[in-house]
Amino acid sequence: MDPARTLGPAQIDVLAQLFVSTILLGGIYALIAVGLTLIFGIMRVVNFAHGEFLMLGMYLAFWSFALYGLDPYLVLVAAIPLFFLTGLVTYALVMKGVIRASHNVQIFTTVGLSIALQNLALVLWTGDFRFVRPWHASVILRVGASAFNLSQVVAFAVAVAFTIGLFAFMKWTHAGRVMRATAQDRDAATLMGIDTDRVYRLTFAIGIACVGVAGVLVSPLYSVYPTAGLQFVLLAYVVVVLGGLGDMVGALLGSVIVASVEVVGSYVVGSAWKEVLYFLLFIAVLVFRPAGLFGQRGAENLGV
Amino acid sequence: MHRRHLVVVSAVVLALALVAGSSSGQAPSGEYKIGLLEPLTGPLAFEGKRHLEGYEIMRDMINDRGGVMGKKITFAVGDATDPTAAASEANRLITRDGVKIITGTYSSTLCGAASEAASRQNVIYWESSCVDPRFARRGLKNVFRTEIDGTGFGWYNIEFIAKHLAHRFNLRPNQLKIAFISEDSSYGQGVTEAARQRAKQEFGMQEVASEYYAFASTNDFTPIIVKLKQLNPDVVHHIARGNDAVLFWRQSREQQFVFKALVHAGATGYGSPDFGKALGADGNGPFVLAEPGPGLRLDALRPEAQKLEREFTEAVKKRTGAEPYASHRLAGAGLWLLKLVLDEAKTDELDRFRSAVMSLDLPVGSTLNGWGVKFAENGQNANERVQHYMLQWQNGQMATVWPEEFTTIRAKWIPLGPWDQRK
Numbered sequence: 031m032d033p034a035r036t037l038g039p040a041q042i043d044v045l046a047q048l049f050v051s052t053i054l055l056g057g058i059y060a061l062i063a064v065g066l067t068l069i070f071g072i073m074r075v076v077n078f079a080h081g082e083f084l085m086l087g088m089y090l091a092f093w094s095f096a097l098y099g100l101d102p103y104l105v106l107v108a109a110i111p112l113f114f115l116t117g118l119v120t121y122a123l124v125m126k127g128v129i130r131a132s133h134n135v136q137i138f139t140t141v142g143l144s145i146a147l148q149n150l151a152l153v154l155w156t157g158d159f160r161f162v163r164p165w166h167a168s169v170i171l172r173v174g175a176s177a178f179n180l181s182q183v184v185a186f187a188v189a190v191a192f193t194i195g196l197f198a199f200m201k202w203t204h205a206g207r208v209m210r211a212t213a214q215d216r217d218a219a220t221l222m223g224i225d226t227d228r229v230y231r232l233t234f235a236i237g238i239a240c241v242g243v244a245g246v247l248v249s250p251l252y253s254v255y256p257t258a259g260l261q262f263v264l265l266a267y268v269v270v271v272l273g274g275l276g277d278m279v280g281a282l283l284g285s286v287i288v289a290s291v292e293v294v295g296s297y298v299v300g301s302a303w304k305e306v307l308y309f310l311l312f313i314a315v316l317v318f319r320p321a322g323l324f325g326q327r328g329a330e331n332l333g334v
Numbered sequence: 009m010h011r012r013h014l015v016v017v018s019a020v021v022l023a024l025a026l027v028a029g030s031s032s033g034q035a036p037s038g039e040y041k042i043g044l045l046e047p048l049t050g051p052l053a054f055e056g057k058r059h060l061e062g063y064e065i066m067r068d069m070i071n072d073r074g075g076v077m078g079k080k081i082t083f084a085v086g087d088a089t090d091p092t093a094a095a096s097e098a099n100r101l102i103t104r105d106g107v108k109i110i111t112g113t114y115s116s117t118l119c120g121a122a123s124e125a126a127s128r129q130n131v132i133y134w135e136s137s138c139v140d141p142r143f144a145r146r147g148l149k150n151v152f153r154t155e156i157d158g159t160g161f162g163w164y165n166i167e168f169i170a171k172h173l174a175h176r177f178n179l180r181p182n183q184l185k186i187a188f189i190s191e192d193s194s195y196g197q198g199v200t201e202a203a204r205q206r207a208k209q210e211f212g213m214q215e216v217a218s219e220y221y222a223f224a225s226t227n228d229f230t231p232i233i234v235k236l237k238q239l240n241p242d243v244v245h246h247i248a249r250g251n252d253a254v255l256f257w258r259q260s261r262e263q264q265f266v267f268k269a270l271v272h273a274g275a276t277g278y279g280s281p282d283f284g285k286a287l288g289a290d291g292n293g294p295f296v297l298a299e300p301g302p303g304l305r306l307d308a309l310r311p312e313a314q315k316l317e318r319e320f321t322e323a324v325k326k327r328t329g330a331e332p333y334a335s336h337r338l339a340g341a342g343l344w345l346l347k348l349v350l351d352e353a354k355t356d357e358l359d360r361f362r363s364a365v366m367s368l369d370l371p372v373g374s375t376l377n378g379w380g381v382k383f384a385e386n387g388q389n390a391n392e393r394v395q396h397y398m399l400q401w402q403n404g405q406m407a408t409v410w411p412e413e414f415t416t417i418r419a420k421w422i423p424l425g426p427w428d429q430r431k
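Respectively, the protein sequence lines represent chains A and B. Numbered by this note's numbering, the letters in the first sequence go through residues 31 to 334 in order. Numbered by this note's numbering, the letters in the second sequence go through residues 9 to 431 in order.
Take the hints with a grain of salt, since some may be wrong.
[As the list claims (entries may be wrong)] Per the computed footprint, the stretches of chain A lying under chain B, defined by three or more beta-carbons under 8 Å from a beta-carbon of chain B, are:
{"id": "1", "stretch": "41-49"}
{"id": "2", "stretch": "158-164"}
{"id": "3", "stretch": "168-178"}
[Claimed, not checked] What the simulated footprint calls covered on chain B by chain A, stretch by stretch (three residues with Cβ under 8 Å from a Cβ of chain A suffice, anywhere in the stretch; the number is not a length):
{"id": "4", "stretch": "209-221"}
{"id": "5", "stretch": "229-238"}
{"id": "6", "stretch": "280-286"}
To be clear, the hints were calculated from the coordinates, so they are not data collected in a lab. Here a beta-carbon is modelled for each residue, glycine too, at the ideal position from N, C-alpha and C.
With these hints in hand, go ahead and build the complete structure from the sequences.
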């Protein structure tokens, strides 16, 4: 008896639940992808260490909770300046030296940073799985037959807020305009008197602050361990390419698309196929719309 | 020219010195050196370190009893982060430290490569914990394994479901609806396929689903759970690897997916202490096939096994502040069996060592973990002698609940009721 064959009230409940899961999972991916798309889009650097900053955010939430009993949502407030600062320091120590180097050098550098951070976490905090269990982690909201996990709803809301905030920042502030100008043509921007080094520093710091916040927000949902970042970061690249480099709204929509492929694919075909499905989508986008589903034609070559 | 000459000469001298050093092997200083490979850094390190603790504790216990072949055991330790490192570290232990026996390596991803390397140099490889069934099927004469193989896990799980659970659901085994879900590594597949085969062929259970997933990139189980919920299985057979156990259990609760029992095998996933830490009493219910834990009836074991059990448990508690984990027990029992063989063989020369291995014949209940010993020609300890136990999560503790003749604690929540009534 194939449950997908007849469409009764039970099937409508299933569809509703799958829809809810897609949106909430998409929110988590978007949270991670917005910072990545910013760094990718403006600096043209593929930050392979992105997932490790997510992991650091998760550990910040874990230790604040384990040692001081602080709720992750309180830690969130401190995480923004803290990770902004981390971004500035990382930029000064690591990224500044390679920002004008070839892509290969940048890839080696960020991969190296990623492995270094994973092993630093392993040495400092061991490889044990850790858990953050604030009271709201097990709160489940039910609407009709669909279940929403409260922590996921909050993560989704923050993802949307960050996307809108960054979109507005890029579009309407002076700093945002300067960043877009630098992304479009680094040399021309320099000639117009823009301090591109400062722009890159700011971009990197904002990007890291975003992913640090993401780490704190997902900590009640997933276990915390040194390689936790790897669980999400590959997906974040797919999302960024789907949405178009540097496109915030694209990242949000891309996240929901990847999540829907994952959820529907797992339900209909089987979870073993889910990665095949979204990487097929990824390749199709690269072949047919290299600028991303929502990007402008030619944007993929800008500033390279 | 003179300088180059000098360099060549010193290189030759150095090489000779190294060869001389290695051929002297076990110095007659009253110590016997065994190579020990475990993943001590990298993603498997958290288990590798527990294994190392288990080995060290058992080493001290053996040394207190006079060591092996009249010498105290010492370890030359190698860090087997991944299969490549496992092979190169095995080579290093053999050529640099001159060991004649290597033991380890915790993971099914490592034991194949490490034993292959040992085999090439005709060194004895003594595996205490990997379960990949392919390990003992390569026709290698120097390779032995004390732990059960993965097919044994599947066999035990179905045994438990068919003979202990089914009648308590008022069902015959062939009326049971069973759903298989597993992470997709060689471990998960080995156990799951063995279980599927036995469930279908021997008991005629009704398989309603079989799903594999990649544990490192599965961030949401809701679609699988929604699907399973409609298929309404009595038993979920889930082999999990890490965080996936916690996520599946938590999301099943969110979705109010009610099944009668969940059965897992091995020290990962539901078998990891992390599962209890993550969920506390919310994690009540799942069954884990593993080495014995709290509730083991010591008086069901032979006297010498009782003594070993008591001493080993105390030593682990003293060192870690907690009951022994499965990883401690696998390492401890593995090294103890090696001692028994060396006592018998009195040498590490392969042929005599091998015949000593084959001559060992101890019934269940004879040694640590209640294990017995009877090796087959392929170097595998017989699955039915490697007694395994069903443990159940009960209020943050994994309690030994089956076979009942070995335990003082009884399984609860059969069948599992609604999610909020499992206290």
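Check each numbered hint against the structure and report the violated ones by number, ascending. Checked against the structure, no hint fails, so every one of them is satisfied.
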